[in-house]
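Asker: Sequence:
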Amino acid sequence: MQLKALRYFLMVASSGSFLATARHFGVPASSVSRDIAALEKELNQQLFYRSTRAVTVTEKGVFFLTQVREALDLLDNAAEQIAQDSQRISGKVRINAPEALGRLHIANLISRLQEKYPGVSVELTLTDTFSDPVQEGNDITFRVSTVDDSGMLGKVICGQNYIVAASQDYLAQYGIPSRPEDLSNHNCLLYRGGSGLQHWYYRESPKDQYNNIDVSGGISSNNAGALVAAAQKGAGIILFPTWIFNPELFESSSLIRLLPKWDMSAESVPTYIHALYPENKLRSHRTREILKFLVDEIGSPPYWDQYFQNS
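Mapping of the sequence shown onto mature numbering (1 follows the signal peptide of the UniProt record, and there is no 0): residues -20 to -1, 1 to 291, in sequence order.
Because the hints were derived from the structure by calculation, they are not lab data. Just so you know, not all the hints are guaranteed correct.
Calculated pairs, DSS-like style, for lysine-lysine (alpha carbon to alpha carbon, straight line, at most 25 Å) [as the list claims (entries may be wrong)]:
| hint | residue 1 | residue 2 |
| --- | --- | --- |
| 1 | K213 | K187 |
| 2 | K96 | K72 |
| 3 | K(-17) | K40 |
| 4 | K272 | K72 |
| 5 | K72 | K135 |
| 6 | K72 | K(-17) |
| 7 | K96 | K135 |
| 8 | K241 | K96 |
| 9 | K272 | K187 |
| 10 | K213 | K135 |
| 11 | K135 | K40 |
| 12 | K213 | K272 |
All of these numbers come straight from a predicted model, not from anything done at the bench.
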């Protein structure tokens, strides 16, 4: 009985997909199907019901699943006990992140990761639509959301804080808003994402409910960088998370932070950056070490918040 076939069986049972299992392990789907078939033949039992729409575990398969999970758990724990030197981790890890967060931060963190763990290779995919960690075969999936409702295990890395900003030229011409409600009278540059046009909210303290601000403007875009560039040129006011901004824009006065006394947001409830990963039993020692490294590098509070907290 091959160990890899047991791991394939566990992942197919969890994901309900031969293709997702193949992606997770980086092998052809035909290899997964062949090894599962060989396992069923060896056991003389059907482990899965297969149809064009779904793969589900049989009654015998459910019993076998429990036993295999416990056995692999013991095996993985034993391997971890002897793998004391985390410097020796190697192999491929698949990471998914939103386009802007991945481009501005995760890619840089991966460079530092490979300095510490030169034996690790990373496959980074950037998508603004949700990528299910199991279905897509990702080891670590970064998401910005209100809560983790994916059914996956997850870790809240940090809360998401927002900044309202504009250029000196714009403020000199149109005035500085003194209260969030004043933004209704300004040209606001709005991000247009998968859920539609950006909304703006504010509250005075974390214990308060968010209030909606009726904002509008002459420019909208699905690219945050384009709107930041437009704001630098005096086109209007922007609202984005702190991690979007390069602090040098504020140090050089290319952008001026507005309304710092208020808690601003593009969501009506607090949002967080999560790291999602497959079921705990399927995670490798390598994945846990890499996730810990990335979380430690981001810090608490996250490094991208520190400039704004001190300014």
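Asker: What are the numbers of the hints the structure violates, in ascending order?
Answerer: Checked against the structure, the hints that fail are numbers 1, 8, 9, 10, 11 and 12, while the rest are satisfied.
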